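Enquirer: Please model the entire structure based on the sequences and the hints provided.
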Amino acid sequence: MGLLRGLRDFADLKRHARWQKERLAAYQRNELSALVRFAVENSPLYRELYAGRDLDDFAALPSIDKQLMMERFDDLNTAGLPADDLMEFALAQERSGDFSGYFDGRWVVGLSSGTSGGRGLVLTDRQVTERLPSVFAARSGVPLSLLPWRIVFMLRVFSQGFADIASPLVSITYVPTMTDPTEVVRRAREQRANILTAPPSVLRLLAPYADQLPRVQLLVSYAEVLDDHVAAEIRAAFGVPLIQIYQASEGAIACTCAHGNLHINEDLVYVELLDADGAPVTEPGVPCSEMLVTNLYNRAQPLIRYRMGDVITLGEPCSCGSAFRTIGRIIGRRDDVLWVPCGDKLKPLFPDLACRWIIAASGEIAEYRVEQHSPDALSIALQLPEDADRAAIEADVCDAFRERLAELGLGPVEVSVSTLEPGAITVGAKPKRFVRHFSQP
Numbered sequence: 000m001g002l003l004r005g006l007r008d009f010a011d012l013k014r015h016a017r018w019q020k021e022r023l024a025a026y027q028r029n030e031l032s033a034l035v036r037f038a039v040e041n042s043p044l045y046r047e048l049y050a051g052r053d054l055d056d057f058a059a060l061p062s063i064d065k066q067l068m069m070e071r072f073d074d075l076n077t078a079g080l081p082a083d084d085l086m087e088f089a090l091a092q093e094r095s096g097d098f099s100g101y102f103d104g105r106w107v108v109g110l111s112s113g114t115s116g117g118r119g120l121v122l123t124d125r126q127v128t129e130r131l132p133s134v135f136a137a138r139s140g141v142p143l144s145l146l147p148w149r150i151v152f153m154l155r156v157f158s159q160g161f162a163d164i165a166s167p168l169v170s171i172t173y174v175p176t177m178t179d180p181t182e183v184v185r186r187a188r189e190q191r192a193n194i195l196t197a198p199p200s201v202l203r204l205l206a207p208y209a210d211q212l213p214r215v216q217l218l219v220s221y222a223e224v225l226d227d228h229v230a231a232e233i234r235a236a237f238g239v240p241l242i243q244i245y246q247a248s249e250g251a252i253a254c255t256c257a258h259g260n261l262h263i264n265e266d267l268v269y270v271e272l273l274d275a276d277g278a279p280v281t282e283p284g285v286p287c288s289e290m291l292v293t294n295l296y297n298r299a300q301p302l303i304r305y306r307m308g309d310v311i312t313l314g315e316p317c318s319c320g321s322a323f324r325t326i327g328r329i330i331g332r333r334d335d336v337l338w339v340p341c342g343d344k345l346k347p348l349f350p351d352l353a354c355r356w357i358i359a360a361s362g363e364i365a366e367y368r369v370e371q372h373s374p375d376a377l378s379i380a381l382q383l384p385e386d387a388d389r390a391a392i393e394a395d396v397c398d399a400f401r402e403r404l405a406e407l408g409l410g411p412v413e414v415s416v417s418t419l420e421p422g423a424i425t426v427g428a429k430p431k432r433f434v435r436h437f438s439q440p
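Numbering of the sequence shown is given in numbering that gives the first Met the number 0, commencing with residue 0 and proceeding in unit increments.
Hints listed in this document are in silico derivations from the structure and should not be mistaken for laboratory results.
Just so we're clear, the structure is a prediction, and the values are computed from it rather than from any experiment.
Quick reminder that beta carbons are idealized off the backbone N, C-alpha and C, glycines included.
Be a bit skeptical, because a hint or two may be false.
As the list claims (entries may be wrong) - Okay, the calculated beta carbon distance ranges per label pair:
1. H436 <-> E93: 25 to 33 angstroms
2. P279 <-> E40: 22 to 30 angstroms
3. R46 <-> E363: 54 to 62 angstroms
4. A423 <-> G104: 39 to 47 angstroms
5. R14 <-> G408: 47 to 55 angstroms
6. R46 <-> G100: 30 to 38 angstroms
7. E40 <-> P142: 17 to 25 angstroms
Unchecked claim - Listed below are the simulated SDA-like cross-link pairs for lysine to any residue, each with C-alpha atoms no more than 20 angstroms apart in a straight line:
8. K13 <-> S144
9. K431 <-> I357
10. K13 <-> L23
11. K431 <-> D227
12. K20 <-> H436
13. K431 <-> K20
14. K431 <-> S144
15. K346 <-> A376
16. K431 <-> S321
17. K20 <-> S318
18. K344 <-> I358
19. K346 <-> G277
20. K431 <-> L383
21. K344 <-> R435
22. K431 <-> D351
23. K13 <-> Y26
24. K346 <-> V414
25. K344 <-> H436
26. K20 <-> V280
27. K431 <-> H372
28. K13 <-> L2
29. K344 <-> P286
30. K431 <-> A376
31. K13 <-> I358
32. K13 <-> V127
33. K20 <-> A376
34. K13 <-> L3
35. K431 <-> F349
36. K431 <-> A380
37. K431 <-> V156
38. K346 <-> E315
39. K13 <-> R333
40. K13 <-> Q27
Expert: Following this line, the structure appears as structure tokens:
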């Protein structure tokens, strides 16, 4: 990407964030209209889905999910590329550990993590990914004062799309999340890294080594829900700012502004938050029942009204002045929400609330897992130090749940608490803390 193009993209992205609501709404309408018409013309799947429908009534268009996307990937993508060939290419990269290179010299191919079901393909034109340095500079929340950015980037897998963020002022060193912490420290010191980016569980794992990373001036979290207590623990250990990026296979959803709030990238993705009746959720603090995301920039794999499966709340307007909506909380995935009795009905128990009950019971709880096999039964497994008073901590967690549920008028729920064997939760793996074994009511 040329320097002038990059500077223009950077300036445009900064300008968009200062738009008033009316200007932003007009831009979104134009982008959505153009995207829908492009999809109908170039994607057999969307041509079929939207047949006979009013293309200008965006909110009435059918939504899609990962299952449909993968079942009909050959018909969904506009490049005419077979899913089998792309999957073979991506899996070959996984086997070799070399994630560089483009499919047919043009296409960036990635695999989603599979936390929302089976693995999904992500297809992007390199002309788009090569413009990512401008997006990262304008929207990542990383201060320009830290340039040149020397980034240690940690994730389960890498891809050419991440590599394309690199530029003369941005160097990226990829380190897999399963890497031993001492090796992470060695690589970071070798690269003189001033920015450490990783999922929260990995940053937490690296916290005891913070004093060995004196050059690190900023931490960036992504890929998992960043719980408040974990954020506080990480900040205290490193003594530097911690910002969050809400990035998914579906697009660059939200980034942190200079005032510390997470803003939806309203010019890059169109996010619809709906309640249980399908009505828009606009009030801050109210959890959505459905989150639909439309990627406004990826024409190779159009994702229009894509069901994310995440549960979030909106935040209050930000003092930075941007009309881009803020996210108050990223609660987790819909499958993470527990459902417990309340009279003759079931009510949701959101994972962030259950998390607070657990971690408030004892400071010795390193990790945990909550499983629900039926609405009236919860099992909680704790990972504790070997010298911890397991019986006392298990009893405290059990009592906390029973008391808090009763205070909320929820229950009865049978709560059982046990302790995991050491190593039961893999270090560096993406933790699945909440597992519900029955369908959402």
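Enquirer: Now look at each hint and say whether the structure bears it out.
Expert: So, going through the hints one by one against the coordinates:
1. H436 <-> E93: 25 to 33 angstroms: holds (29 angstroms)
2. P279 <-> E40: 22 to 30 angstroms: With a Cβ separation near 29 angstroms, P279 and E40 satisfy 22 to 30 angstroms, so the hint holds.
3. R46 <-> E363: 54 to 62 angstroms: Cβ of R46 to Cβ of E363: about 57 angstroms, so the range 54 to 62 angstroms holds.
4. A423 <-> G104: 39 to 47 angstroms: With Cβ atoms ~45 angstroms apart, the hint holds.
5. R14 <-> G408: 47 to 55 angstroms: holds (49 angstroms)
6. R46 <-> G100: 30 to 38 angstroms: At roughly 32 angstroms between Cβ atoms, G100 and R46 fall inside 30 to 38 angstroms, so the hint holds.
7. E40 <-> P142: 17 to 25 angstroms: violated (42 angstroms)
8. K13 <-> S144: holds (16 angstroms)
9. K431 <-> I357: holds (15 angstroms)
10. K13 <-> L23: holds (13 angstroms)
11. K431 <-> D227: holds (17 angstroms)
12. K20 <-> H436: violated (42 angstroms)
13. K431 <-> K20: violated (37 angstroms)
14. K431 <-> S144: violated (36 angstroms)
15. K346 <-> A376: The given pair, whose Cα atoms are some 14 angstroms apart, holds under the 20 angstroms limit.
16. K431 <-> S321: Given pair K431, S321 is violated - Cα atoms ~34 angstroms apart, limit 20 angstroms.
17. K20 <-> S318: Since the Cα atoms of K20 and S318 sit roughly 15 angstroms apart, the hinted pair holds (cutoff 20 angstroms).
18. K344 <-> I358: Given pair K344, I358 is violated - Cα atoms ~28 angstroms apart, limit 20 angstroms.
19. K346 <-> G277: holds (18 angstroms)
20. K431 <-> L383: The hint holds at about 17 angstroms.
21. K344 <-> R435: Holds. K344 to R435 sits at ~17 angstroms (cutoff 20 angstroms).
22. K431 <-> D351: Holds: K431 and D351 sit about 13 angstroms apart, inside 20 angstroms.
23. K13 <-> Y26: The hint holds at about 15 angstroms.
24. K346 <-> V414: Cα-Cα ~17 angstroms, so holds.
25. K344 <-> H436: Given pair K344, H436 holds - Cα atoms ~18 angstroms apart, limit 20 angstroms.
26. K20 <-> V280: holds (17 angstroms)
27. K431 <-> H372: holds (15 angstroms)
28. K13 <-> L2: Given pair K13, L2 holds - Cα atoms ~17 angstroms apart, limit 20 angstroms.
29. K344 <-> P286: Satisfied, since the Cα-Cα distance of roughly 19 angstroms is no more than 20 angstroms.
30. K431 <-> A376: holds (19 angstroms)
31. K13 <-> I358: With Cα atoms ~39 angstroms apart, K13 and I358 exceed 20 angstroms; violated.
32. K13 <-> V127: holds (18 angstroms)
33. K20 <-> A376: With a Cα-Cα distance of about 46 angstroms, the restraint between K20 and A376 is violated, given a limit of 20 angstroms.
34. K13 <-> L3: holds (15 angstroms)
35. K431 <-> F349: holds (14 angstroms)
36. K431 <-> A380: Roughly 12 angstroms separates the two Cα atoms, so the pair holds.
37. K431 <-> V156: The given pair, whose Cα atoms are some 18 angstroms apart, holds under the 20 angstroms limit.
38. K346 <-> E315: violated (25 angstroms)
39. K13 <-> R333: violated (33 angstroms)
40. K13 <-> Q27: Roughly 16 angstroms between the alpha carbons, so the hint for K13 and Q27 holds.
In terms of the numbered hints stated before, the structure departs from hints 7, 12, 13, 14, 16, 18, 31, 33, 38, 39, listed from lowest to highest.
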